[in-house]
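Colleague: This is what each chain is made of:
Number of protein chains: 4
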Amino acid sequence: MPALDGHTATLLMHCRDQRGLVAGVSEFLARHGGNIVYLDQHVDTAEGVFFMRVEWELTGFGLAPEAIGPAFDEALGERFGIRWRLHLSEEWPRMAVFVSRLPHCLYDLLSRWQSGEWRVSIPVIVSNHEDLRPVAEQFGVPFHVFPVTAGNKAEQEARELELLQEMEVEFVVLARYMQVVTPTLIDAFPERIINIHHSFLPAFAGARPYHAAHARGVKIIGATSHYVTEELDAGPIIEQDVTTISHRDSVEELVRKGRDLEKLVLARAVWAHLQRKTLVYRNRTVVFD
Amino acid sequence: MPALDGHTATLLMHCRDQRGLVAGVSEFLARHGGNIVYLDQHVDTAEGVFFMRVEWELTGFGLAPEAIGPAFDEALGERFGIRWRLHLSEEWPRMAVFVSRLPHCLYDLLSRWQSGEWRVSIPVIVSNHEDLRPVAEQFGVPFHVFPVTAGNKAEQEARELELLQEMEVEFVVLARYMQVVTPTLIDAFPERIINIHHSFLPAFAGARPYHAAHARGVKIIGATSHYVTEELDAGPIIEQDVTTISHRDSVEELVRKGRDLEKLVLARAVWAHLQRKTLVYRNRTVVFD
Amino acid sequence: MPALDGHTATLLMHCRDQRGLVAGVSEFLARHGGNIVYLDQHVDTAEGVFFMRVEWELTGFGLAPEAIGPAFDEALGERFGIRWRLHLSEEWPRMAVFVSRLPHCLYDLLSRWQSGEWRVSIPVIVSNHEDLRPVAEQFGVPFHVFPVTAGNKAEQEARELELLQEMEVEFVVLARYMQVVTPTLIDAFPERIINIHHSFLPAFAGARPYHAAHARGVKIIGATSHYVTEELDAGPIIEQDVTTISHRDSVEELVRKGRDLEKLVLARAVWAHLQRKTLVYRNRTVVFD
Amino acid sequence: MPALDGHTATLLMHCRDQRGLVAGVSEFLARHGGNIVYLDQHVDTAEGVFFMRVEWELTGFGLAPEAIGPAFDEALGERFGIRWRLHLSEEWPRMAVFVSRLPHCLYDLLSRWQSGEWRVSIPVIVSNHEDLRPVAEQFGVPFHVFPVTAGNKAEQEARELELLQEMEVEFVVLARYMQVVTPTLIDAFPERIINIHHSFLPAFAGARPYHAAHARGVKIIGATSHYVTEELDAGPIIEQDVTTISHRDSVEELVRKGRDLEKLVLARAVWAHLQRKTLVYRNRTVVFD
Chain B
1 MPALDGHTAT LLMHCRDQRG LVAGVSEFLA RHGGNIVYLD QHVDTAEGVF FMRVEWELTG
61 FGLAPEAIGP AFDEALGERF GIRWRLHLSE EWPRMAVFVS RLPHCLYDLL SRWQSGEWRV
121 SIPVIVSNHE DLRPVAEQFG VPFHVFPVTA GNKAEQEARE LELLQEMEVE FVVLARYMQV
181 VTPTLIDAFP ERIINIHHSF LPAFAGARPY HAAHARGVKI IGATSHYVTE ELDAGPIIEQ
241 DVTTISHRDS VEELVRKGRD LEKLVLARAV WAHLQRKTLV YRNRTVVFD
Chain A
1 MPALDGHTAT LLMHCRDQRG LVAGVSEFLA RHGGNIVYLD QHVDTAEGVF FMRVEWELTG
61 FGLAPEAIGP AFDEALGERF GIRWRLHLSE EWPRMAVFVS RLPHCLYDLL SRWQSGEWRV
121 SIPVIVSNHE DLRPVAEQFG VPFHVFPVTA GNKAEQEARE LELLQEMEVE FVVLARYMQV
181 VTPTLIDAFP ERIINIHHSF LPAFAGARPY HAAHARGVKI IGATSHYVTE ELDAGPIIEQ
241 DVTTISHRDS VEELVRKGRD LEKLVLARAV WAHLQRKTLV YRNRTVVFD
Chain D
1 MPALDGHTAT LLMHCRDQRG LVAGVSEFLA RHGGNIVYLD QHVDTAEGVF FMRVEWELTG
61 FGLAPEAIGP AFDEALGERF GIRWRLHLSE EWPRMAVFVS RLPHCLYDLL SRWQSGEWRV
121 SIPVIVSNHE DLRPVAEQFG VPFHVFPVTA GNKAEQEARE LELLQEMEVE FVVLARYMQV
181 VTPTLIDAFP ERIINIHHSF LPAFAGARPY HAAHARGVKI IGATSHYVTE ELDAGPIIEQ
241 DVTTISHRDS VEELVRKGRD LEKLVLARAV WAHLQRKTLV YRNRTVVFD
Chain G
1 MPALDGHTAT LLMHCRDQRG LVAGVSEFLA RHGGNIVYLD QHVDTAEGVF FMRVEWELTG
61 FGLAPEAIGP AFDEALGERF GIRWRLHLSE EWPRMAVFVS RLPHCLYDLL SRWQSGEWRV
121 SIPVIVSNHE DLRPVAEQFG VPFHVFPVTA GNKAEQEARE LELLQEMEVE FVVLARYMQV
181 VTPTLIDAFP ERIINIHHSF LPAFAGARPY HAAHARGVKI IGATSHYVTE ELDAGPIIEQ
241 DVTTISHRDS VEELVRKGRD LEKLVLARAV WAHLQRKTLV YRNRTVVFD
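Protein chains in written order, with UniProt numbering: chain B, 1 to 289; chain A, 1 to 289; chain D, 1 to 289; chain G, 1 to 289.
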């Protein structure tokens, strides 16, 4: 399998905590000649759930990629009741980006993609406004506008979904997309829509968080990236960060400082997702280092 | 006035923003031979309010401490409608500490006081439990217990107030005091009761914030120090800080990490208050550097 | 002067600390009808130096822009020995960017400029390599390559200087430019060349700081933005920030995490410079909030 | 073994990286009925070294504590060449504290000990000055003074070592102890003397780091806790943290802000050591979460 040289496989798994799980998984990989390059596990003792991420080199590994899943299920998966996902490093994820009018997160995502910092494909950018078309064109990424009104929202989302499926999109990033996403999209991309919210959730959920933060007189502002669920601003949190502010900062200054936070927090969350380091369980995330 | 050698006076003031305020104040001090060692001002352009803190050396200053206020009012205060407070560095504030059962903030406050890190007096510690009496005694500070029940709260707070007044207490620090303070105390110490809340308010207001933070799956926890007002956990914020957490952290770990935050944030808030660097306006604070 | 509507003027000044400075400056502006929108001052008591930044609205101000300097000098500058610079918000600074092969800081600077986040012009990008020409072209900024060898460095820098002067460049940003800049450029742009160094200086000055940080086993890495002086990595620091790392992080991970720090720290430093909030004195900076 | 109820054992180990290590260790514990409550491992791929920390419940474990080591060596230790240490949670470490004149770290350590926050014993405090005796006495800990002069240093350290051995001290914390410790002590406590240095090492090693930081004009200051080795300020780093400063901060302000950092960073390092989460390899540390 010369095509696999330098490539790795990653198993993300969780199940009820039981004795022998780490021993079983590591023994399975050892038996097939897999050299582990990363292993991290976590036991949620309160819930009694076991989580694990293990990554190993495919060079010299005794199973073809398509044979790994069935062999793992036969050896361990069924016995322990493990729910798992397998990812191969040679397959680059396909990511769609949704934007409205604010460009800072879009620039940042496109720069990381174009410069080769991230191993990702961006087949399409979706927007409800024309404003950012020049940015998309400058980076050479197709840009589709679906204007949303009170009356056509369901219809437009259905068309967006069709486009995403046609483009074989794996996951979606809402890069300051100012529309509430409905179950039409959420159900098609469960735990695969990443949003950036401009506050340290759960503080200042909803609209205009910088105005709310200024009115409350907080001394820190933040940003939160989370997977989108049907409950607005309440999905499992992937990444958060904050910065200090003072009485000197007007709302405009909060917006300005917040922009940098939003870019950074969203980029870290997308990176964790791309690295296959995130697992969701009961509206909370395990994010391996 | 040899007693004033090395001492300073500080004026904290605010009024409607008008032209000539900085010029007027600095000219007033210059005229009396005051050497300014600190001047900071802030204009809230949205509210149209001017805030200023100015500190100057009393050595060589042409006015006796008791004459400063009247002279300032005559020169500027009445004309500009300035509300001001004068503080003299030679007068050490008298601080009461309220505690319940958790000792970490109390140890920290007492250590800073006893070691001379802070120029403050602590004439009394008040508690609703006996638990921390040994700590108070070890540091040589009088400890008074007022057990609070559903039926006797008003009466006990009245007795506490009496004690604080007898002790000539200037301000009160609630160092993880697990009782809601009522207007009996709040009205007697407006903007002079400092509380520490174990979350980054307004997130997780109310009881058991670490449990709530764990359940929500946030990636940062925080602590907030604020002046106490009648609306619970909603008073003007003096200081906030946060620390990162991960899926590995149990509620117990959050409590452990949070303790260090609480100590630090409370200590910074008390320090700002002691330095006369805080001003409250419409439920927000100006905290000068 | 209708063209001045909404515009402001900013005076940055420093001199020996003397009584009456704040009063004098604020009185000067009040006399000409200047409405102060920002005033901050700092006294370095150890050095006995006074620093001030004051910004006021030009609408309604009684002096034409070209008359401000002479009037200020006559009223105060000569008497107090004030060194000052005047900046007008209507004049956008012209910034040159120097790069080598690493694109992340360049993308970030160009995105902030193109999106209108910064009021700045970028008339030219200079490089010693061809690699980043496509990025410059995509953003529509002229890109000039001056390959540097051991033998032609002085000559190439002279040509670069000529280009910068022809383009009327006000200040230069070294955005991971991997060449030591010599006095040819430094003397032409004193305190006007901003560099980003990929460590928390003075730790790990010189080349390959991430390798050095990994070898030393530090638990934090950082980035430092500073004005360039003849002594390498020793110029006055404008901005620094850090991020935590652990034993899990390889050198490659440090490089990856560091990239985001470099972008952010450089952007904050350029912003402070653009806002005219930086003053240099004896190899240290005053950076007003 | 009823005495073991609720207690755990922890194995800290490292060896050359080989296949089957995780499988082997987890299988060994499973075979004896050990329920793992914590497992973390790290592979330094550059050095080819494997590190692991595993903690399991002793209740129901099939080996008596004194039999664990021999059984582990027979099953795995010798085959894989594992160097390991075994710790039992029921055995509280005995910690000596060395101080000079600055009290803030001492107060913090004693408060954490006395309040039961840490499971540690403090049988003795050693100092080269009398100053902090009242603090030690107030907390009820024996205080021994060994005045050090140029002529008697070796002799005094020998006496200190004798005292530590007599007190069965396991590890030593230098809580702002202003003397260089020599091999007499270092060799007796290898990787078991923890120091706090008041800078973000390797910046500002040596004496008076706050003065050096102020002179250099850095925008952040830090503190570093490390194991003491013969090369001054160069031992393996356990914990670092920083705080931002500005041009407003005098050296005295740096000292004041630094104190809080020193307390916090030292406490975190001691906590990691107490939790048996630190491993040293080639002058670097692995600090498990």
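Honestly, the hints are just simulated from the structure, not real lab data. Warning: the hint list may mix true and false statements.
[To be verified] No farther apart than 20 Å at their CA atoms in a straight line, the calculated lysine to aspartate or glutamate pairs in the EDC-like style are these:
1. A:Lys-257 with G:Glu-117
2. B:Lys-277 with B:Glu-91
3. D:Lys-277 with D:Glu-162
4. B:Lys-277 with G:Asp-289
5. A:Lys-277 with G:Asp-249
6. G:Lys-153 with G:Glu-231
Predicted model, so just to flag it, every value in this text is computed and none were measured.
Colleague: Could you work out which of the previously given hints the structure breaks and list their numbers from low to high?
Modeller: Number 3 only.
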